[in-house]
Amino acid sequence: MGIQATRVKEILDSEKFKDIVKKRLTVSLSLTAIMLIVYFGFMLTIAFYKELLALKIGEHITIGLPIGIGVIVFAWLLTGFYTRWANNKYDKAVRELRNEILEK
Amino acid sequence: MGTIETTLGQVNIASIIIFFTFVAITLAITYWAAKKTKTTSEFYAADRNISGFQNGLALSGDYMSAASFLGIAGMVSLKGYDGLIYSIGFLVGWPLVMFLIAEPLRNLGKFTFADVVAFRLKQKPVRIASSVGSLMTIVFYLIAQMVGAGALINILFGLPYELAVVIVGLVMISYVLFGGMLATTWVQIIKAVLLLSGATFLVIMTLASFGMNPISLFEQAAAKYGDAVLSPGGFVTNPWDAISLGLALILGTAGLPHILMRFFTVPDAKQARKSVFIATGFIGYFYILTFIIGFGAMVLVGQDVISSIDKGGNMAALLLAESVGGRFFLGFIAAVAFATILAVVAGLTLSGASTLSHDLYVNVIKKGKTDEAGEVRVARISTLLIGALAIILGLTFKGQNVAFMVGLAFAIAASSNFPSLLLSILWKKFTTKGAVASIITGASLSVILIILSPTVWVDIMGNESAIFPLKNPALISMSAAFLAAFIVSKLTKEQSAEEKFEDEKLRTYLGVGAE
Chain A
125 MGIQATRVKE
135 ILDSEKFKDI
145 VKKRLTVSLS
155 LTAIMLIVYF
165 GFMLTIAFYK
175 ELLALKIGEH
185 ITIGLPIGIG
195 VIVFAWLLTG
205 FYTRWANNKY
215 DKAVRELRNE
225 ILEK
Chain B
4 MGTIETTLGQ
14 VNIASIIIFF
24 TFVAITLAIT
34 YWAAKKTKTT
44 SEFYAADRNI
54 SGFQNGLALS
64 GDYMSAASFL
74 GIAGMVSLKG
84 YDGLIYSIGF
94 LVGWPLVMFL
104 IAEPLRNLGK
114 FTFADVVAFR
124 LKQKPVRIAS
134 SVGSLMTIVF
144 YLIAQMVGAG
154 ALINILFGLP
164 YELAVVIVGL
174 VMISYVLFGG
184 MLATTWVQII
194 KAVLLLSGAT
204 FLVIMTLASF
214 GMNPISLFEQ
224 AAAKYGDAVL
234 SPGGFVTNPW
244 DAISLGLALI
254 LGTAGLPHIL
264 MRFFTVPDAK
274 QARKSVFIAT
284 GFIGYFYILT
294 FIIGFGAMVL
304 VGQDVISSID
314 KGGNMAALLL
324 AESVGGRFFL
334 GFIAAVAFAT
344 ILAVVAGLTL
354 SGASTLSHDL
364 YVNVIKKGKT
374 DEAGEVRVAR
384 ISTLLIGALA
394 IILGLTFKGQ
404 NVAFMVGLAF
414 AIAASSNFPS
424 LLLSILWKKF
434 TTKGAVASII
444 TGASLSVILI
454 ILSPTVWVDI
464 MGNESAIFPL
474 KNPALISMSA
484 AFLAAFIVSK
494 LTKEQSAEEK
504 FEDEKLRTYL
514 GVGAE
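Line by line, the protein sequences are chains A and B. Just so we're aligned: the first sequence equals residues 125 to 228 in this note's numbering. Just so we're aligned: the second sequence equals residues 4 to 518 in this note's numbering.
Chain B on its own, in the form it takes in the complex (with noise of 0.2 Å):
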């Protein structure tokens, strides 16, 4: 097959405008939230007013990255079925959010999810450990987000990466720092009908070639490269890889901290757990799409091409939106995969903040007495120290692999933050320093391991084998800092603690009392 001609690095117009549409759109929104944001609540929490559905389609929006849009439906059109294991993790967490997570964390909580885990241990402590897990999941997924930004955008528009990632910087600092979480949330939800939509309009002119029957797409596909891209091929071939990828993925989910923040944002327990429910829809509705759009892709653009552009594969629903639908298509699909990381990052920005100034601040500087007007202050001066801090690290991390870090971010919120959340949702005998080992030892397992592991000793700093065997480190990680959590809570007992967990199930269980 020879190659085909493609626009994609030169300026689309069409693309442009929309994503200037998007941009004027979106700030024009974060000018009518900025007059609605004046009181904590309404600088974290949108004030719990978001309906279960929009919040819904807020935590599809904060989750869907560009990476899994592009890097997924990449990953399809090169080896096939290999593709759709890695989306079948990342949707699995949800249902365990819902099980475990969401109506205890909005019973219990306030603005952060270190609320819950604080809720009944010493305060001090207990927010130091929950900031530090938090700010490293954050940090990592910054990192991967911003440094996609800047390549993505310099593939995309030929625009300069530095220019791209400041772009991106300032523009997620203005929708964060005026317009708290409600415009986050608006953000959030455009973005996601906009990818929803784009991916389904993109699905349905692929299918228009193969008599929009997908098993004939699959056929061609087979026909063309062999059997092989419609069975498991060798993303997975050792099982503890496996396992401990999966747990990573899954109950990563279950403690990423811009996820968890989002349910504060409703009115109560039962709002919560529709907005799971409907974000779970959406995303798994995504990833079936962006698997037909990588056999699309396959097929209509050819893997030839596609790796030639990007030897990942991250440009394959691209080339395949200009195949199907041309120059302007190209760039209706170019604007919302930019769009897409604002969303994330604005997400990501307002958590990081919030852990700032109402964990560290707030609750361990001040002691819990700060007023309304000094508190939102200071969460708007967090919110420009994340985001100066993003652009920083976005031109820092420059041409690096940084592709690894979203798998360390989930190992981290794995090890870290979700242990320590669900054992103080769930267990009497949770103490303070229990929680604080089980942190400590998570985070900086997850952090060790993945250093040591053929992920980062060997890819990427060139060494012949690895230390530690496994890819990603959360079957380590996250046993021990379960065990930590059990071994220290049994030698230390803590009698308030105790006390307060039955007063808490009350909370916990009727709502009584919830914020």
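The following block holds chain A by itself, in its conformation from the complex (with noise of 0.2 Å):
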């Protein structure tokens, strides 16, 4: 798709482009930070606080073993809620931008 350079200009100066891109950068950064502290969390709570993860919640079971699948099953769910949030209003957002850049 060719596009001249006067109109690449006009698009990346528009309002509607700098909020897809803050956007994105903002929901990426977020969590990216999300994920490395609770798993930075996670293997600093084993390195010095080690009796924490030993804690029983049954008569063996500790609490360390749901914390530990926990974080597992949390970093999925990350995955998850970024692919609802990119397709549901990132794909929208870069789809009516490009209709527009199209229909120019």
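FYI, nobody ran anything at the bench for these hints, they're computed from the structure. Possibly wrong hints are sitting among the right ones.
[Stated by the list, open to error] Here are the simulated lysine-lysine pairs, BS3-like style, with alpha carbons at most 27 Å apart: (1) B:Lys127 with A:Lys147; (2) B:Lys401 with B:Lys314; (3) B:Lys41 with B:Lys370; (4) A:Lys140 with B:Lys314; (5) A:Lys133 with B:Lys496; (6) B:Lys493 with A:Lys142; (7) A:Lys146 with B:Lys503; (8) A:Lys133 with A:Lys216; (9) B:Lys113 with A:Lys133; (10) B:Lys503 with B:Lys127; (11) B:Lys39 with B:Lys113; (12) B:Lys431 with A:Lys133; (13) A:Lys140 with B:Lys127; (14) B:Lys41 with A:Lys140.
Using the supplied hints, reconstruct the complex from the two chains, each of which is provided in its own coordinate frame.
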């Protein structure tokens, strides 16, 4: 799709485009930060407060078991959350802007 | 507890039949794929016709190695909870691949991740540097896989090590050479389905002994081996070690060339995103299964039996399969483990071949001027070279302790490939010299520091104490790579790269002009 240089500049400067980029970066970087905090929180708990994860919630079962499995499930849910956001919100905004570009 | 009888190491007819059926089916697929593999886009990227769901399965097939199946199950069987910590690290990288890399990579690149790094920078220096990082990651990963394959087959079937390495090498070369990405993708999909269903079946048969209740399995394990197996033990003691290994595992995943390459096989960014969601789900599910398998082996087979057959516990899953499902099921799981190695080495070889042909030959030597037929021919020659190299390395490193090479491959991926890829997507003022400095710093520090680390300096070379304290160098090597990128980019201004960054935004965010 060939777009003239002046048009490219126009799109790049448009509020709509800037908004798309901003939202995309905000969502990606916040989700990245959440994942890193959860993961390193887990690892540092193991390094510094091992006994916390050894707390019993049953006769033998420790709280570390649901937490460990929980980190795996959480990571997956986070990818699901992002996919939903991107499919519904992001792609819609991108489609609208692309149509505008094509119409002109 | 006395020893149980095992038929491990004897010729297992079921295993041989299942394995040869797998090879026959995958070679038939290769024959079909070969007819559809004529252009570069077909050879490297299966003509971008793989669906998000298929690619998700193939990504999991590319990622779940025999080492993670047998190794992690074994680690859990001997150490309990600590094995889980390891697998969590391998999984958590995937969401980051999704949030930071997958979509811009798909929109900007063509066949390799170096396409993206070199997109607005000077082709020649960036391609050469990226290829070095890429090839180092692939070679270390390949060595670990080939040596593991030889040793595994030797234990499983009693076949000589050398013969096993050559068979794996030749079958894998046939997939890639003739069927390119299409055949490789289907091998990975079939392998993923086999591995996931085999592991699921093993878990169901194991849990049948515990009233289908995993909690009662864990409780019996604790009753037998003490409560310590259900909580973190000695795996993470030094927090700096924990952070460094964690960084290598999670950000290394986002820098593995054979994984990144798979994102070019789907039609668009939406399918790229979907494939990570699918892959993360399957890989996470698989790690939960291996955790249960490990505990099943601990209780039903017993730690003393597991460690008497292999000190590292690598045979735990197989012993469990034999104990709950008899000789036939052992054969099935063994054949699946073998198939698993084939799928992973095929992905690695294709990725190495694309680096040689697309990045180095076409874009550096020929400066982008080649015809389709010529490039496909060079890609096939490169496949032969990388395949032969894999066989030679497998034979050379026989009997060596190569387990650290997976950690090294992840460290290089995290320190050399990931920083330059991320910055080329996000940072406007990133320059050619900054990229080259970052890649070289990350790759060389990873190698130098791991040699000086306890992993190699003490455990392999037998010195008293290590010169560099951390077991995995990623914390230092990756930070240094980012730092080098910042400092050198600040010192060198590249007007053309900054201008192109703006144009590139349309492609990055909207997919306008993506291939």
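>> Next pair to validate is Lys493 of chain B with Lys142 of chain A; report whether the Cα-Cα distance is within 27 Å.
In response: holds, 25 Å
>> Given the hinted pair Lys140 of chain A and Lys314 of chain B, is their Cα-Cα distance within 27 Å?
In response: Roughly 61 Å between the alpha carbons, so the hint for Lys140 of chain A and Lys314 of chain B is violated.
>> Check whether the Cα positions of Lys146 of chain A and Lys503 of chain B lie no farther apart than 27 Å.
In response: holds, 19 Å
>> Run the distance test for Lys127 of chain B versus Lys147 of chain A: straight-line Cα separation, threshold 27 Å.
In response: violated, 34 Å
> Holds or violated: are the alpha carbons of Lys401 of chain B and Lys314 of chain B at most 27 Å from each other?
Replying inline: Since the Cα atoms of Lys401 of chain B and Lys314 of chain B sit roughly 18 Å apart, the hinted pair holds (cutoff 27 Å).
> Is Lys113 of chain B within 27 Å of Lys133 of chain A, Cα to Cα?
Replying inline: Holds, at roughly 25 Å.
> Quick one, are Lys140 of chain A and Lys127 of chain B close enough, alpha carbons at most 27 Å?
Replying inline: violated, 36 Å
>> For Lys133 of chain A and Lys216 of chain A, compute the direct alpha-carbon distance and say whether it is at most 27 Å.
In response: holds, 22 Å
>> Would the hint linking Lys39 of chain B and Lys113 of chain B be met if the CA-CA limit is 27 Å?
In response: holds, 19 Å
> Is it true that the CA of Lys503 of chain B sits at most 27 Å from the CA of Lys127 of chain B?
Replying inline: holds, 17 Å
> Straight-line Cα separation of Lys431 of chain B and Lys133 of chain A no greater than 27 Å?
Replying inline: holds, 16 Å
> Taking 27 Å as the top limit, are the C-alpha atoms of Lys133 of chain A and Lys496 of chain B close enough?
Replying inline: holds, 22 Å
When held up to the earlier numbered hints, the structure conflicts with 1, 4, 13 and 14 and fits the remainder.
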